[in-house]
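Kindly generate the complete structure, drawing on both the sequences and the hints.
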Amino acid sequence: MEQKTFSGNYGGALQKPVQSGFTAFSTAADVIKGIDLTGKTAIVTGGYAGIGLETVKTFVGAGAKVVVPARDIHKAAKNLEGISNVTIEQMDLMDPASIDAFAGKFLLTGSPLHLLINNAGIMWVPLQRDARGYESQLATNHLGHFQLTLRLWPALKKAGNARVVNVSSYGHQMAPFNFEDPNFERRDYDTLSGYGQSKTANNLFALELDQRGKDVGVRAFSLHPGSVNGTDLGRVAPVELFQQMGTHDADGKIFPEVARKLKTIPQGAATTVWCATSPQLDGLGGLYCENADVAELDEGNIGQNYDDPFTLRGVKSYSLDADNARRLWKLSEELTGLKFAAK
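Residue 205 in my numbering sits at position 205 of the sequence shown; the count goes up by one each step and never skips.
Treat the hints as calculated values from the structure; they're not laboratory data.
Quick reminder that beta carbons are idealized off the backbone N, C-alpha and C, glycines included.
Keep in mind that the hints are not guaranteed to be accurate.
As the list claims (entries may be wrong) - Using C-beta positions, here's what the derived DEER-type ranges look like:
1) 101 x 186: 30 to 40 Å
2) 334 x 35: 16 to 26 Å
3) 337 x 308: 25 to 35 Å
4) 35 x 303: 26 to 36 Å
5) 341 x 21: 34 to 44 Å
6) 132 x 310: 19 to 29 Å
7) 82 x 337: 37 to 47 Å
8) 326 x 126: 30 to 40 Å
9) 188 x 132: 20 to 30 Å
As structure tokens, then:
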């Protein structure tokens, strides 16, 4: 009799809401209720601004110790001031040597790593490249986190029951991954295409990581936090861009009617916290989530209206495709010079 192999969420096989009881309006405080993280250690990239900072506060409030790797140590220290059980360490996702140094220092502590939240990200940037020539959104949003995760693998495995959470975006619907020219060397640069493929990469990475890690107790998830007001994501975009989009006034302030259609930061952090801690996800992995639940597959069946961000939902099947996931994994190993060994 032929033995069946577990295919996980390849092709979106498990991509169905679990009826979590939460909604788009649920906050991080709502989803952490009743969950004790005492004795757990978490790492949150970008954990000193926006939904990353809210995630850190929520984890600490539930009893966890949190390490925040930061490119801007001064800003991190200022924003995290007064929050107990938080350690700040230097790291830049565009600098492979700094990722290795951060991971090496953490591994020397001997601590297991229960939660790795790959939260940091950039968007709306002009064409920039890292020292290797890799496009900055791909380098920051995916390759840096890929390298960090692989370097921290011994600590994740040591936890015995760890979760890796990639903060992706509905923006994955802007572009599939371009395997022929991921670094815009032979095509015109379009910043939203670059962002879209980096977010598709977040989903494919979580899908394949879960497949490779489940046997040693490491599960992975990706998520859309929602359209959130007050984050740093658009920090490098010119205010004229937002004015052209009709979201901001002449003084660069967001229109109140626009703000009302966006999530607050505590609401934006809810899905990250749910993916990281919810017992409703025990035994599951490789899933793409939104609004503190598992998202639906978007096969043209979901009505979406860009004037109403709450309708922007669902996950494209190309970002949960088994062949794409394996292909991206191989490419990521080649681009970072790393080789993964699960066991």
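Point to revise | Index of numbered hints that the structure contradicts, given in increasing order | key: 2, 3 and 6
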